[in-house]
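Asker: The chain contents come next:
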Amino acid sequence: MSPETPGQARVEMRAIRKVFPGVRALDDVDLRIFPGEVHALLGENGAGKSTLIKILTGALLRDGGEILLDGRPVDVRSTKEAQGLGISTVFQEVNLIPSMSVTQNLTLGKTGGRFGMISWRRARAEAQAKLSRLGVKIDIDQSLGSYSVAMQQLVAIARALDDETRVLVLDEPTASLDADETAALFGIIRDLKAKGIAIVFITHFLDQVYEISDRISVLRNGLLVGTGPTSEISRQQLIAMMLGRELGEVESAYAAHRKTGEGAEVLTARGLGRRRTLKPFDLTLRAGEAVGLAGLLGSGRTEVAKLLFGAIRSDSGVLSLEAGPVRHASPRRSIVAGMAFCPEDRKAEGLIGELSIRENIVMSMQAKGGWLRKIPRADQERIADEMIRALAIATPDAEKPVSQLSGGNQQKVVLARALASRPRIMLLDEPTRGIDVGAHAEIILLIRRLCDQGLALLVASSELDEVVAASDRVAVMRDREMIGEIASGAVTRDNIIRMIAGKDDGRG
Amino acid sequence: MNRKYIPLATTIAVFLALFLIGGAMYRNFLSTLVLGNILADNSFIIIAAIGATFVILSGGIDLSIGSMIGFVGVSMAVLDRMGWHPLASAALMLCFGILFGAAQGWIIDFCAIQPFIVTLAGLFLLRGACFMVTVDSVPIRHDFVQFYASLKVHLPGRGVLRSSALVMLASLAVAVVIAHFTRFGSNVYAVGGDRESARLMGVDIRRTTVSVYALGGFYSALAGVVYALYTSSGYPLAGSTLELSAIAAVVLGGTLLSGGVGMVVGTLFGGMILGLISTLIIFNGSLNSAWILISSGVLLFAFIVLHRFLVSSIGLRETQ
Ligand SMILES: Nc1ncnc2c1ncn2[C@@H]1O[C@H](COP(=O)(O)OP(=O)(O)OP(=O)(O)O)[C@@H](O)[C@H]1O
Ligand SMILES: [Mg+2]
Chain V
1 MSPETPGQAR VEMRAIRKVF PGVRALDDVD LRIFPGEVHA LLGENGAGKS
51 TLIKILTGAL LRDGGEILLD GRPVDVRSTK EAQGLGISTV FQEVNLIPSM
101 SVTQNLTLGK TGGRFGMISW RRARAEAQAK LSRLGVKIDI DQSLGSYSVA
151 MQQLVAIARA LDDETRVLVL DEPTASLDAD ETAALFGIIR DLKAKGIAIV
201 FITHFLDQVY EISDRISVLR NGLLVGTGPT SEISRQQLIA MMLGRELGEV
251 ESAYAAHRKT GEGAEVLTAR GLGRRRTLKP FDLTLRAGEA VGLAGLLGSG
301 RTEVAKLLFG AIRSDSGVLS LEAGPVRHAS PRRSIVAGMA FCPEDRKAEG
351 LIGELSIREN IVMSMQAKGG WLRKIPRADQ ERIADEMIRA LAIATPDAEK
401 PVSQLSGGNQ QKVVLARALA SRPRIMLLDE PTRGIDVGAH AEIILLIRRL
451 CDQGLALLVA SSELDEVVAA SDRVAVMRDR EMIGEIASGA VTRDNIIRMI
501 AGKDDGRG
Chain L
509 MNRKYIPLAT TIAVFLALFL IGGAMYRNFL STLVLGNILA DNSFIIIAAI
559 GATFVILSGG IDLSIGSMIG FVGVSMAVLD RMGWHPLASA ALMLCFGILF
609 GAAQGWIIDF CAIQPFIVTL AGLFLLRGAC FMVTVDSVPI RHDFVQFYAS
659 LKVHLPGRGV LRSSALVMLA SLAVAVVIAH FTRFGSNVYA VGGDRESARL
709 MGVDIRRTTV SVYALGGFYS ALAGVVYALY TSSGYPLAGS TLELSAIAAV
759 VLGGTLLSGG VGMVVGTLFG GMILGLISTL IIFNGSLNSA WILISSGVLL
809 FAFIVLHRFL VSSIGLRETQ
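Protein sequences, first through last, are from chains V and L.
According to our numbering, the first sequence holds residues 1 to 508 in order.
According to our numbering, the second sequence holds residues 509 to 828 in order.
Pulled out of the complex, with its shape left as it was, chain V reads as follows (with noise of 0.2 angstroms):
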């Protein structure tokens, strides 16, 4: 790749703005897209990315500015308008239907013969095709919520493949992907390029963006802060442009110390599981621990964590707290009983969109306190500020509603609502995903220092880095069953790969 890219760009954005009450989200924003080229578009939670690559493929019409295509002024006013133009998105919450079938899912919008008539038998040969290219295999005559996040999320890249494609956005679609999966989206995405497709890639993750971009672009704030070719920006150059200042030290405070199992046991599983969903396993959490979960796509990480939490009931085994067994299992008694759960789907299990952020994050307190005894308003408004400082929260207020926030900010508000009840055992299904450089190493700072206040916690997570860095013990899923765990002292990198690879069997 030459550094200044020749020719005609394939999507000009000139000077686009755009303004929400309270916020400027985009102010004069370039952007030149070349055909064949993989661009990664990057910066923290709230700077402004989904909003751009939504008014460039039609989801909201811009404040000002001009956008060309190929040369020619265009004005995208609808998603439908931009397929029909060649802008295929996938959007950075999974934006399908999960009550349609994988097949509908795919198609919906683009096949149809003659009157509006639709061929079945056309349409899944065509699903199953745009799977195939992906290397998934599943049922797709199932509806897509019964499937992973991370399926319904490949499947939404499935969708956004199709020949007519000639600009594709990808907004954060690694996000719940585990390596392989990424790795196969990869492959796509070179071919794609070497289509001639002009691709928008946004992402947190610093090393996909070397691994795969040809040139980034930088917002912050709104802002354009800088463009320029992959080879000849640095890691540290980058974090700096989208922070706007270094990244500490924290990398290496975190993997500092790790526990030995010494604290209280606050939650034991023995022979819990349920048929159908997860094989019987046995977990202890203590106080002052924190245990990772680690496993491939589908292995049942997420629903170890809902087991445990009551969200879905298990039908074997038994779960006993300090205060004893517990009988029937609900979320309302685990919370009760202080338990803190933050799912990995915060749109369809996590937040309220309309509520504001101080409604969500002071929702669960106020399900342990009884809901008789409302919180004064005071108190509620002192800690969400507590928590939109701790946690960085880009919002004007407090009262801003959560669907209005970016992604990465949604997840922070999941956090706050899980702290804000000040738990004593914390179940996080993929804590960081989507969520920026900087907050993310502060999150797993956040995390250990709760765990040193005598907190026990479960982390799961797709990211091995994440599980090592977090977590004193870690359990192994495979194929929906705890195949083993790993010790404190042992947790590598290395070690977690070679257990689900299933070459190590034994206690590390």
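Since the hints were derived computationally from the structure, they do not count as laboratory data.
Glycine included, every Cβ here is placed at the ideal spot set by N, Cα and C.
Some clues are possibly wrong.
[To be verified] For each label pair, taking beta carbons as the anchor points, the in silico distance ranges come out as:
#, chain 1, residue 1, chain 2, residue 2, range
1, L, Arg714, V, Ser132, 32 to 38 angstroms
2, V, Arg382, L, Leu745, 58 to 64 angstroms
3, L, Met533, V, Arg122, 46 to 52 angstroms
Since the structure of chain V is provided, determine the placement of chain L with the ligands on it from the hints.
Answerer: Only chain L with the ligands this time, still in chain V's reference frame:
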């Protein structure tokens, strides 16, 4: 079996069970005669419920159905008195149904008002219009009504399919094609499943919303036509609270009120279950009609509890 068929299978099982219970309790119950009568007597509810299925699948609700049936009836009766052929007045009323529905859909989408409110206004508006047209029961005397009543297809056994049942089955067939084999049908499921996602996937929300209420309007007008021809009269109070029976039929048919999940065929069985209950109670003879409502209510409740249970136990996803 695909999980999405489980609610439908449950509905059919409930229908068969009720039918067999009837057969065990009364002689002559298990016959095509009873079946044919249930189909004919409930055809207008089922037709209206088919339209309501689309509206509910799209995440909306249509409360104007019953008033539409009444309005179509009195209009046809009055037009009959003015010398119109029933088929001509039926065609006019179907167009009216489409336009009225489309207008409701447009208001719902353009002004972003809840469908409940808009169609509630539609309910009052049309009922008022009924009384504007006439305050009395007006007979439809045209010869066509006799001809319509005499049309029938013989079933094996002593049963017959009357013209109302035939119209209903034909409109069901059309509805199944629309729901499952057209882009529009997919769009309806998509909008009901997740509006915002559907928009981002390129579904034209306004067009879908307007069309779905237009289709609902068409089906309720058709139900009105069938009802008027079946009773050969128009009466301004006809069809009161029928929208609720239609919604009950949709729910018994396994469609979720939250939208996005369900099947049109289920509505046929949902409507037939309601019909079966009243037939069973009429067969009994000693129970009065209050029991029809009471047992419908109990069954509706039981079914919804069962459905909830199925949803949670097999992980059949609702629309969230
Ligand atoms: N619908 C909306 N109404 C009001 N403000 C909004 C809306 N959508 C986005 N914003 C604001 O615009 C800013 C930019 O948001 P955007 O979603 O583009 O961030 P982002 O760079 O994609 O961040 P992330 O990495 O967290 O996804 C944020 O401050 C956000 O709160
Ligand atoms: Mg974003």
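Asker: A separate judgement is required for each hint: does it hold in the structure or not?
Answerer: Hint check:
1. L/Arg714 x V/Ser132: 32 to 38 angstroms: holds (35 angstroms)
2. V/Arg382 x L/Leu745: 58 to 64 angstroms: Roughly 60 angstroms apart at Cβ, these two residues keep to the hinted range, so it holds.
3. L/Met533 x V/Arg122: 46 to 52 angstroms: Hint holds: Cβ distance 50 angstroms, inside 46 to 52 angstroms.
Checked against the numbered hints given earlier, the structure satisfies every one of them.
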